[in-house]
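Undergrad: Anchor point for the sequence shown: position 7 equals 7 in the numbering used here, and the numbering is continuous, going up by one each time.
Everything labelled a hint here was simulated from the structure, so no lab data went into it.
All values reported here derive from a predicted model rather than from experimental measurement.
One should not assume that every hint holds.
What the hints assert, rightly or not - Simulated DEER-style distance windows between Cβ atoms: (1) Ala46 / Ala264: 43 to 51 Å; (2) Ser544 / Glu317: 27 to 35 Å; (3) Arg315 / Thr148: 28 to 36 Å; (4) Thr596 / Pro269: 22 to 30 Å; (5) Ser549 / Gly278: 30 to 38 Å; (6) Arg315 / Asn371: 32 to 40 Å; (7) Asn177 / Arg629: 30 to 38 Å; (8) Gly217 / Gly550: 53 to 61 Å.
Cβ coordinates follow ideal geometry from the N, Cα and C atoms, glycine included.
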Amino acid sequence: MSGPSPLHSLSVRAAFHLILSSPPVAFGLAALAALAFGAGPRTANALTYVAASPSGSQFPQWEGGDTELEFADTNGDGHVDLISIGDHGSPYIGSGEHGVMVYFTDGTGGWTIHQEGDFGYGGIAAGDANGDGFMDVGYGMHHDYASTDLGDQLIEVALGDGTGTLWTPWDDGLATNGEDYGMAATDFADFDNDGDLDLASLSFGCCNGVHVYRNNGDGTWTQSFARTGGNASCFLCTGDVNGDGFADIAASYQYGCVFLGDGAGGFVPGDAGLPAPGTSGFAGVALGDVDGDGCGDLAFVQSGGVRVYVWRANRWESASTGLPASGIYGAAQLCDMDSDGLTDVAAMGDGTCSVWLGDGAGHWTAGGGFNGPVASETQAFRVGGDIDHNGRPDVAVVQEQGNWPSYRNYLHVFKEASAPAARFACLHFPRGSEAFYLGSVQFVRWAAARVGTAPASIDIEVSSTGPSGPWSSIAAGLPDSGRYQWTVAGPITSHAWMRVSLDQDGERVSDVSGPFTLLSSDPTAIGTAETPGAMESAVRLCSSPNPISGPGRLFLSGSRDEASSPRPLSIFLHDATGRIVRTIPLLGGTAAWCPTDDAGDPLPAGVYCARVRMRGAPAGIEGKLVVIR
1 MSGPSPLHSL SVRAAFHLIL SSPPVAFGLA ALAALAFGAG PRTANALTYV
51 AASPSGSQFP QWEGGDTELE FADTNGDGHV DLISIGDHGS PYIGSGEHGV
101 MVYFTDGTGG WTIHQEGDFG YGGIAAGDAN GDGFMDVGYG MHHDYASTDL
151 GDQLIEVALG DGTGTLWTPW DDGLATNGED YGMAATDFAD FDNDGDLDLA
201 SLSFGCCNGV HVYRNNGDGT WTQSFARTGG NASCFLCTGD VNGDGFADIA
251 ASYQYGCVFL GDGAGGFVPG DAGLPAPGTS GFAGVALGDV DGDGCGDLAF
301 VQSGGVRVYV WRANRWESAS TGLPASGIYG AAQLCDMDSD GLTDVAAMGD
351 GTCSVWLGDG AGHWTAGGGF NGPVASETQA FRVGGDIDHN GRPDVAVVQE
401 QGNWPSYRNY LHVFKEASAP AARFACLHFP RGSEAFYLGS VQFVRWAAAR
451 VGTAPASIDI EVSSTGPSGP WSSIAAGLPD SGRYQWTVAG PITSHAWMRV
501 SLDQDGERVS DVSGPFTLLS SDPTAIGTAE TPGAMESAVR LCSSPNPISG
551 PGRLFLSGSR DEASSPRPLS IFLHDATGRI VRTIPLLGGT AAWCPTDDAG
601 DPLPAGVYCA RVRMRGAPAG IEGKLVVIR
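Model the full structure from these sequences, guided by the hints.
TA: Okay, structure coming up:
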């Protein structure tokens, strides 16, 4: 079978970054999508879905109320499972639900279930919290009814053993700071970039608010942030909103939706430009990179309509052209639903799921969906897991159906119905333009289309020299689960590229990201150059402070010759489009400066690339400098 064309192998985003890096030619992302997939505006077959829900007496009936679902390969077999801790019926309240609920898939449409623990009703997250290579879970709950350590507090982390059936408490210090009624939606992220997963959890209604706990690495946790009071609903997620390399939070919360992380476990409000969130916050919040700038953009539901906002400088701007301003919807998700390299938006409400395809510029076109059983409320909504390995994400939802007094919740799974004609891989994250600190934990996400039933595996590699390599292995022979937890490693560079490859039945297909940045764990460093053959002569360009908002200093550290040389050098500051916005003379290895452009006007908040050439280092120093306002 012949492989993909060279342009498709690099993907839309990688080709875009290649063209953008070769001035003066510049393309918009939507125009490049047309180049890659055919002339004219983007047109794609409407996505269609078929029911694929667990059914049979072995599966518990659900009861009622909010909950959270997550796709995760809990037993490492390469098939994406569905996990939860249930709704109001957990544990054993008019229902057989209890504890950590794992719905195992077999990749062909079959389901089995295992439940562990006497607790429930809340939210859940999946990740490797202790670094042993096995999937763990973190969760917030309302029914902490257990008489054992597993399930006796409102926020917990439990370690997995690789089977998805045995969970060991690892939760000392969690839920010890005033959480007194219940917690719910939960997510993992490395908020302090120290190489392990921390935890954020949102209140079950009123009034615990948002709590963040840092992972101490030994089974104990320390709260680093809390915003209490107010009401909330069961939606919380994490991502890097402003591109500074620090994980942020978006939550359905009355007292603020977005909280910007400072890289140390603290947070500040980040709602500038958004409408008022209302008494329970925006419904169904989600983060994803809509416009390819490496920042997590925001989707939510308000007045039944679907909204998308993108981060621009230091505030949010609407990017909702083509989306309904009002309607029936109760929750939203951002995901590349057709695996073409561009983020799409999906929304669920009253039994209807609608998908709108994005063009990379904030415009949306109806792209299919499905009509399930009529419902009165969406209690949980999740997309992203590919349960049948056709390369396109599937949908899981819990919705309230029926009329009083016989209404209750139902779990439904719908899989995208297309059968791939050829194998392909699509890297969903990173896509390009992101910034990651070395040593931090990030989740690599992909979708891969298999053909036939032969076993398949995934390789992930990184390059610091270009989209053609050479490549260094991150992980090889992985199960095709769609997600890998990566501890970021490599050189300090603004030109890192990632490649994900699917191997099946003797054929190998790949996809390559656009360039992204690897930042030093030294908070002042924005780039490094090394003289070939002389490691001790490494030179680093530093900013004090970084991030910067006012007067500061750029200086060279490392090689004594270069750092103190009287020979004048120049630092070229590029914005996200590659345009030089400031040239800064560097004499004697140092320069005082303020974050303004060459005309003296303040630079907008954002991430900038700083470049300076050094003797003996033809590639010069390149790195990111963050301007905040």
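Undergrad: For every hint, state whether the structure bears it out.
TA: How the hints compare with the structure:
In this structure the supplied range 43 to 51 Å holds for Ala46 paired with Ala264, their Cβ-Cβ distance being about 46 Å. A hinted range of 27 to 35 Å holds for the C-beta pair Ser544 and Glu317, which are about 31 Å apart. Our hint of 28 to 36 Å for Arg315 and Thr148 is violated, since their Cβ atoms are close to 48 Å apart. A hinted range of 22 to 30 Å holds for the C-beta pair Thr596 and Pro269, which are about 26 Å apart.
In this structure the hint that Ser549 and Gly278 lie 30 to 38 Å apart at CB holds, the actual value being about 31 Å. Hint check: Arg315 to Asn371, Cβ distance near 37 Å, so the stated range 32 to 40 Å holds. For the pair Asn177 and Arg629, the supplied restraint of 30 to 38 Å holds, since their beta-carbon distance comes to about 31 Å. At about 35 Å, the CB distance of Gly217 to Gly550 disagrees with the hint of 53 to 61 Å.
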